[in-house]
Amino acid sequence: MKRLFIVIGLLLLFFNAKAQTNVLAVADSLYNYGSYAKAISYYNQLEDALPYSQQIAKSYVFLGNYDQAITYYNKALNSNRSNALLKFELCKLLIQPSKLQEAEVLLLELAITDADNPNYQYYLGVVSNALEQYISAQDYFLKVFELDDSNQKVIYELAKYNLKNRSFDKVTYYVETGLKTYPNNKKLIALGGQSFYLKEDYHKAIAQFLKLVALGETTKFVYQKLGQAYGKVYNYSKAILYLEKALEQDPKDAYNHYQLGLNYQGNNNYLLAEQHISESIKLQENPLDEAYIKLGVLYNLQEKHADAIQAFTKAIKENPDSEVPHFYRVYTKLVFYNNLEPKVEEIESFSKRFPDSKYIPILNVKLSELKSQAFQNKAE
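Numbering (the working numbering), first residue to last: 385 to 764.
Everything labelled a hint here was simulated from the structure, so no lab data went into it. Only a predicted model underlies this, so the values are computations on that prediction, with no experimental measurement involved. Don't take every hint at face value.
Claimed, not checked - Straight-line Cα separation of at most 25 Å, BS3-like style, residue types lysine-lysine; simulated pairs: (1) Lys554 with Lys588; (2) Lys537 with Lys564; (3) Lys571 with Lys554; (4) Lys442 with Lys537.
Make a model of the complete structure from these sequences and hints.
In structure tokens:
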């Protein structure tokens, strides 16, 4: 009888082991074919699922459940602390606002064991950026660049940092270096275009943004930058073309309406300029006094002096201490009013408010012209 129990026990162990083997085979098959949710359920049926924590963790990553993935990576790492690959995979998941310090600790451990691994240095830079330790981040990125000067992600980070700090020559260096190995890197081309624009090298900026358009990058940002750059080189027709394209993607962009107004004015199309400047003002919650001033100038160019005076008055309300809208309003009144006396009063009022203004001589010259004209009219 005792022998029978032993045999039965061995048979049970055999069939249980075989069943476990079958479960594992199914789990591995499901995992390999990308059926991750089912794979997890089969792995969890194993009596000892710990050795397969890495597979479960990766499955959760594919399913987008990063909290569970972190849990299982930690289980796997606890049983194999020296596994660098596990640490590295876990680090990448920990790069989120609440877990940055944990990620940094693990990455530093990895970097100690392999200081010349560019992946560790890169992610240390990413973590430092997230912690707002920007100088440290640049040190890590530079280390990667020294190890591999074709690393596009690192080149982008270095170029972006130098653009922010207006180190334009460095931006050009990094962008050109990156484009040698990846000529169609849109992010680098965009940084190069922005750098040239800020350097006021508008023709080179245009060339970069046109490259982006040729690569299919037909975004509002690219069209807007092309419009701005063409406007700077007085190619108003091209500026209008691209600003209109930008506006098609976002019809309520107050800034682009304003830029269109400026370029239509440059093209002597004052009516459309007026329409876009007016629309820009309507769309702004807190309109700038400059926009009202520009609208007033456009009204004057069309000899709509009463409308111009109203626009300058609104500009004054926006910024009462600025002498510019006051000057434009007084100057317009000198042209608009018929009687000489109110014109004199306007200049006196302006001079009293802004005694040191550079505009006072201009107003006095204009008043002298009007007095001379009035005297000649009387003589006739």
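Cross-check of the supplied hints:
no. : hint               : result
1   : Lys554 with Lys588 : holds, 16 Å
2   : Lys537 with Lys564 : holds, 14 Å
3   : Lys571 with Lys554 : holds, 16 Å
4   : Lys442 with Lys537 : holds, 24 Å
Hint check: no violations occur; every hint is consistent with the structure.
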